[in-house]
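Student: Read left to right, the sequence shown gives residues 3 to 389 (this note's numbering).
Just so you know, these hints were derived from the structure itself, not from any lab. The structure presented is a predicted model; accordingly, all values stated were derived computationally and were not measured. Warning: the hint list may mix true and false statements.
To be verified - FRET-style restraints, in silico, Cβ to Cβ:
| id | residue 1 | residue 2 | range |
| --- | --- | --- | --- |
| 1 | 384 | 319 | 22 to 30 angstroms |
| 2 | 315 | 163 | 43 to 51 angstroms |
| 3 | 115 | 381 | 28 to 36 angstroms |
| 4 | 148 | 69 | 31 to 39 angstroms |
| 5 | 21 | 69 | 52 to 60 angstroms |
| 6 | 69 | 138 | 35 to 43 angstroms |
| 7 | 188 | 289 | 33 to 41 angstroms |
| 8 | 61 | 211 | 51 to 59 angstroms |
| 9 | 292 | 327 | 27 to 35 angstroms |
Note that beta-carbon positions come from the ideal geometry of N, C-alpha and C, so glycine has one too.
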Amino acid sequence: MLAGENGAGKSTLIKILAGLYPEHDGTVARDASAGPISVIHQELSLVDSMSVEDNIHLGREHRHGPLLDRREQRRRARELCKLLDLDVDLSRPVGDFPMSVKNRIEIAKALSVNSRILIMDEPTSALTQPECEKFFELIAALRRRGCGIVYISHKMDEIYRLADRITVLRDGAWVGTADACSLPENEFVHWMIGRQLTEQYPARSAKPGNVALEVNDLAVPGLVDGVSLDVRAGEIVGVAGLQGAGNTELFNALFGVYGRPARGRARLEGRELSLSSPRASLREGVAYLTNDRKDSGLVTGMSVADNITLAALRNFSRGGWLVRGAETYAAQKHGMAILLISTEMPELLALSDRVLVMHRGRLTAGFSRERATQEKILRAAMGEFAA
């Protein structure tokens with residue numbers, strides 16, 4: 003297990019191990035019989051428009067001279083998918099599948115070069131808890147087959163569940179390595195941040211104001227079924243649910259992604275929201291932080307500052323010039339109403355003032371901060387409570 007805060011040097015290290023940074027001090031020794039080191043990045047390297055089979059063999063196609071050997075590629079792809087307990091149509095585009103299936107396709111791609119050393123960079127960051135359980139079973143199976151795994155994670159429960167040994171980096175330097183069974187959690191956290199940490203999430207006392215966002219009977223055919231909710235100024239409302247419950251689709255509808263198919267009403271500080279397009283939503287004061295930051299959240303070729311202001315350049319510009327002072331003032335203004343989706347239950351419980359739960363496109367329950375528990379949320383997410 004490789005751990006460390008953001009900027010600790012984990013990504014740089016795995017790029018060295020994968021051969022992307024050939025110029026470095028020191029040596030990297032490995033058994034040639036183990037094959038190349040394969041890296042499964044947090045942002046998967048799959049091409050959504052291409053088939054499962056083509057993605058598995060991308061860059062390492064089987065050929066007879068200049069021609070692709072489709073029969074051999076398909077045979078090998080089936081073999082790898084069977085190994086990973088992955089029952090999918092190899093001819094379908096990868097973009098048709100959920101993240102849990104994409105993870106297994108990425109691993110099949112890594113194993114297609116006979117690699118027995120896998121580096122996994124936060125592979126469960128976009129998975130629900132049931133999907134994580136299946137993924138952990140896969141990791142156990144890979145370990146039984148003799149694969150060596152370097153696993154990068156920031157989740158304490160994952161680290162102590164999966165790791166045989168833990169290595170910690172901080173500020174680009176090695177801090178220590180220890181057997182997981184002999185490294186107490188408080189000492190592990192001290193290694194990562196250089197100080198003791200008594201609470202993972204800071205204490206907060208919410209003082210919600212007036213209703214800022216009011217949603218009435220919001221529906222998108224086949225995705226969201228008549229959802230009504232409200233969020234007060236200064237309040238964080240968490241939205242829980244298993245994969246496919248409609249959480250993301252609800253947020254997309256509120257941000258105008260679906261346009262005309264979305265029905266119902268939404269009001270922001272008393273003003274009617276059009277729900278017609280993301281451009282209109284931005285003008286009306288709605289911001290959406292997507293969970294897919296690579297494809298729909300950020301422009302990775304642009305700077306941090308450019309990304310921060312990209313959605314609201316007109317608000318911070320005069321005569322075509324960006325006014326940094328106006329940006330700073332806007333960033334420091336209080337009273338924002340927040341809807342939050344998180345697949346990590348401790349994070350959802352710690353940050354939310356209220357938790358709403360969805361199941362099959364409908365709200366099944368709502369809990370105050372004091373009444374919300376993991377058990378209650380999971381039961382509601384499985385449809386035990388009627389809307």
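Student: Taking the hints in turn, state whether each one holds.
Tutor: Results for each hint:
1. 384 to 319: 22 to 30 angstroms: 49 angstroms, violated
2. 315 to 163: 43 to 51 angstroms: 45 angstroms, holds
3. 115 to 381: 28 to 36 angstroms: Between residue 115 and residue 381, where Cβ atoms are some 44 angstroms apart, the hint is violated.
4. 148 to 69: 31 to 39 angstroms: 34 angstroms, holds
5. 21 to 69: 52 to 60 angstroms: This hint is violated: roughly 29 angstroms between Cβ atoms.
6. 69 to 138: 35 to 43 angstroms: The hint (35 to 43 angstroms, Cβ to Cβ) holds, given that residue 69 and residue 138 are roughly 41 angstroms apart.
7. 188 to 289: 33 to 41 angstroms: 37 angstroms, holds
8. 61 to 211: 51 to 59 angstroms: Holds, since residue 61 and residue 211 (Cβ atoms, about 54 angstroms apart) stay within the stated range.
9. 292 to 327: 27 to 35 angstroms: 28 angstroms, holds
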